[in-house]
Amino acid sequence: MHSPLISYNSYRKRFLLLRVLGPKLKSFFIDDNFFVLDIEAKDLIVSCFLLKNLSVFKFNSLVNIFSIDSMGLGRYFLFYNLISTKYNTRIFLRVLVPQSMLVSSLINLYPSSNWLEREVWDFFGIFFINHGDLRRILTDYGFDGFPLRKNFPLTGFYEVQYDVDVKSVIYSFLETTQELRFYKFTTPWDRSFFF
Amino acid sequence: MKFSKETKSFKVKNFLLNFGPQHPAAHGVLRLILELDGELVLKTEAHIGLLHRGTEKLIEYKNTLQALPYFDRLDYVSMMVQEYAFSIAIENLIGYKANIYDTVLRIIFIEITRILNHLLAITTHALDVGAMTPFLWAFEEREKLMFFYERVSGARLHAALIRPGGFIRSIPNGFFEQLKEFLIEFPSRIDEIEDLLNKNRIWSQRLVNIGVLNIKDALSYGFTGVLLRGSGLAWDLRDVDNKNSGYDLFNFIVPIGSVGDCYDRYLIRLFEMRSSCLLLNDACTFFLNNSAPYNKLYDHKLMPPSRYMMKNSMEALIHHFKYYTEGLFLPFGFSYGCIEAPKGEFGVSVVSHGDSLPVRCNIRAPGFFHLQGLDCLLKNHLIADLTTIIGALDLVFGEIDR
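Chains as they are written, first to last, in our numbering: chain A, 1386 to 1580; chain B, 231 to 632.
No wet-lab data here; the hints were simulated from the structure.
Note that the coordinates shown come from a computational prediction; the quantities given were computed from them, not determined experimentally.
Don't take each hint at face value.
Stated by the list, open to error - Only pairs whose alpha carbons sit at most 25 Å apart, straight line, appear in this in silico DSS-like list of lysine-lysine:
#1 B:287 to A:1443
#2 A:1569 to B:292
#3 A:1569 to B:429
#4 B:287 to A:1569
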């Protein structure tokens, strides 16, 4: 299996990880490449604190946070991507976002989560408690809605154009000559056996 | 108008200055709100997203074939590296391992891209600081390097060459010989740039001890790439993860900085160009010694068959049709593909629910993190150092704003 990742291959460390985080873990799965831990949202800070500070882990850098909208029963998931430069390891934490859409912020543990959490808030509307500066980051000033949710249309709601009469840039409701044509060509057959 | 005779004691307040978003030293559409005390910058607040194009949302509606060209357009000065990251993420998801020829060929293009990027990064940085000549010289070299892009893909910039499963085109005859010829004379071009900059008094006065960052801060801000190495940590994904990316075939040195200032970052970029040259040379030798199979037998579930095959084989026709209509089938799961891009760790996370369209494709852009750390880097520096620090961060807004 081709993997550009550093897998969590030391069994001893894997064992330790499960011992320490054991009570916090809902489940974990080890793909061939990725070590993904499922953690409940209320245990996030404690788990990250342990992962960051215990000398056997030393996950000293938070590399990425992203969310997915899976449209399922548990709708939003957060993925945290941590690396340990000491042990050359990478780990993923997966957190099911609760119905309240509230998750604790990691800003005190990892300052890099500042903009990442702002981005998740901007795109998905997941609120981070104790963030302190949770503003939109990538969308326009005064943007409304959470664009990466699956119920947000790809074309959006507004368009921006220059109005000659007003002599300024104005927002107006989007008018397209035709609806977005979105075809799915995926076969209904199960194709998973090909791989 | 009356003047009161009493003298008033008044407090000088810090003032806010808007920088950008069309400032030429901002390397794109960066808007900064600077809080200044005289000329001293106390706080920086970056407003980004002026180039936001919704790439991640668009990819959710595109199959792999359609999504790949978006990656060229993210960081538009290091194109193929990003195609590679996406391809690797998809290949991981599918469970495909590229053969040795493709791996080495990918390394060749990644390293060409690294040189392209660093030439631009160093010389536009120099342009910001006031040295114009290196910029003009480097762009001539960039043109020569883009010729290699063009020969193999037909496009100078947005190549769309590296696809999940291999290369969309075969390499033209004489490509490696030409690349070797280029590599013979290119190091002397780096020497020329070094001659102009290294011991230049203005250059060193403006770079040395500016924007110093220690390892701990660099890690906590999620810095990767040249900025992390400049702070003194030898963390290069090509090195720490060499087995999987194919870099274990080649020898190269990971340079690290001693001070962690902008001058270190400049020196590291220069060094990386030289080591990329050596890597390219080795990779070309690899191909000249073991001739690559001409008709590579790709897995046609991943790569389209050739036109000839498509016209002559029923199987191939079916594969062709399925590839161009349905696209690649992405099995259920999560996958992450990352590569040491010239700017840092460029990662693509793909989540699929068993469909040809991904549920989510997240792009981890290194520049996003570097810009986030700008506040930390710029604190208590003069406003004149702003251009130096932004230049050394090597920001490209295509990838930051996505």
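Do the hints match the structure? See the list:
1. Taken as a hint, the residue 287 (chain B) and residue 1443 (chain A) pair is broken in the structure, with Cα atoms around 34 Å apart against an allowance of 25 Å.
2. Between residue 1569 (chain A) and residue 292 (chain B), the direct Cα distance comes to roughly 10 Å. Compliance with the 25 Å bound is thereby established for this hinted pair.
3. The straight-line distance between the Cα atoms of residue 1569 (chain A) and residue 429 (chain B) is roughly 60 Å, outside the 25 Å bound, and the hint therefore fails.
4. With a C-alpha separation of about 16 Å, the suggested pair residue 287 (chain B) and residue 1569 (chain A) falls inside the 25 Å cut-off, and the hint holds.
Of the numbered hints stated above, those contradicted by the structure are hints 1, 3, listed in ascending order.
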